[in-house]
Amino acid sequence: MSKARRWIRPAVMIGGLVAGIAAGSVAWSYFTTNGGGPGAVVVDKLNPVNDVRATFPDSTQRTVDIRWAATADVGGPNFDGYYVQRVQGASSSYVCSSSPTHLLALTACADTLVPSGTYTYVVTAVFGSWTTTGVSGPVVVPASALTTYVVASDSPDPVAGTPDPLAITAFDQYGNVDTNLAGTQCLTFSGPVAAPGGQAPVYPSAGSCASGSAVTFADGVASASVTLYDAAPTTLSVSDSSGDSGQVALDVTP
Numbered sequence: 015m016s017k018a019r020r021w022i023r024p025a026v027m028i029g030g031l032v033a034g035i036a037a038g039s040v041a042w043s044y045f046t047t048n049g050g051g052p053g054a055v056v057v058d059k060l061n062p063v064n065d066v067r068a069t070f071p072d073s074t075q076r077t078v079d080i081r082w083a084a085t086a087d088v089g090g091p092n093f094d095g096y097y098v099q100r101v102q103g104a105s106s107s108y109v110c111s112s113s114p115t116h117l118l119a120l121t122a123c124a125d126t127l128v129p130s131g132t133y134t135y136v137v138t139a140v141f142g143s144w145t146t147t148g149v150s151g152p153v154v155v156p157a158s159a160l161t162t163y164v165v166a167s168d169s170p171d172p173v174a175g176t177p178d179p180l181a182i183t184a185f186d187q188y189g190n191v192d193t194n195l196a197g198t199q200c201l202t203f204s205g206p207v208a209a210p211g212g213q214a215p216v217y218p219s220a221g222s223c224a225s226g227s228a229v230t231f232a233d234g235v236a237s238a239s240v241t242l243y244d245a246a247p248t249t250l251s252v253s254d255s256s257g258d259s260g261q262v263a264l265d266v267t268p
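Numbering-wise, our numbering comes out as the position in the sequence shown, counting from 1, plus 14.
By construction, these hints were calculated from the structure, which means they are not laboratory data. What you are looking at is a predicted structure, and each value in this text was computed from that prediction instead of being measured. We put the CB at the ideal spot given by N, CA and C, even for glycine. Check each hint, because a few of them may be wrong.
Distance ranges between label pairs, derived from CB positions [claimed, not checked]:
1) Ala245 with Ala122: 56 to 62 Å
2) Ser259 with Thr193: 42 to 48 Å
3) Ala159 with Ser222: 21 to 27 Å
4) Ala122 with Ala166: 27 to 33 Å
5) Asp72 with Tyr108: 18 to 24 Å
6) Ser130 with Ser222: 28 to 34 Å
7) Asp65 with Ala196: 18 to 24 Å
All chains, full assembly: derive it from the sequences and hints.
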């Protein structure tokens, strides 16, 4: 009995992949196995910015203090910093001289010259291309309100019996001229006494005021004139019905 001769082509090993070629066709086989070995990986994380607080600490300054807790468990020296935004409704602005390209290393800052209004503050932490935020509760910067008058005389030593022009300027709690004050205001002038001969000081007329003197303001500034008769040092005070006041020292000469 005769035997047919068979040709067997060798298999070729290609990088752990066996390619068998026979009769013009290609068959692919893979080696698989289970195994294990040691390995290590470094994972960073950027936690949310916590405990963001915005406060209005001084009623005479348009300044809001912002503080927040440091973002922990982040890539150490690779951590970039923070920037802060003041938000009112749909509008926001970068504050504390910070921005996405100018980051703060500290966890506190002061937003100065803040207009009157109600705001929240958003603090954003930056780590490479990652960011995370924290938001404060609302903080109110009160509107301007008249708190005091500054009284200035054309002469600190007016002559008795001679009209002495005065400039009266209204200021708000932030130390700015209260330009909202306009129209007739009823002010009370006091301090100087009558001359020995009985002549009492002469102040602006009452006009439409039930008491005191009618003084007309424009953009927070008014002019008035008083005539004093007692030749002696004195203090002239000006006040309104709300208790806001101001004064000027005068040395009335004979």
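Numbers of the earlier hints that this structure fails to satisfy, in rising order: Per hint list: 2, 4 and 7 violated.
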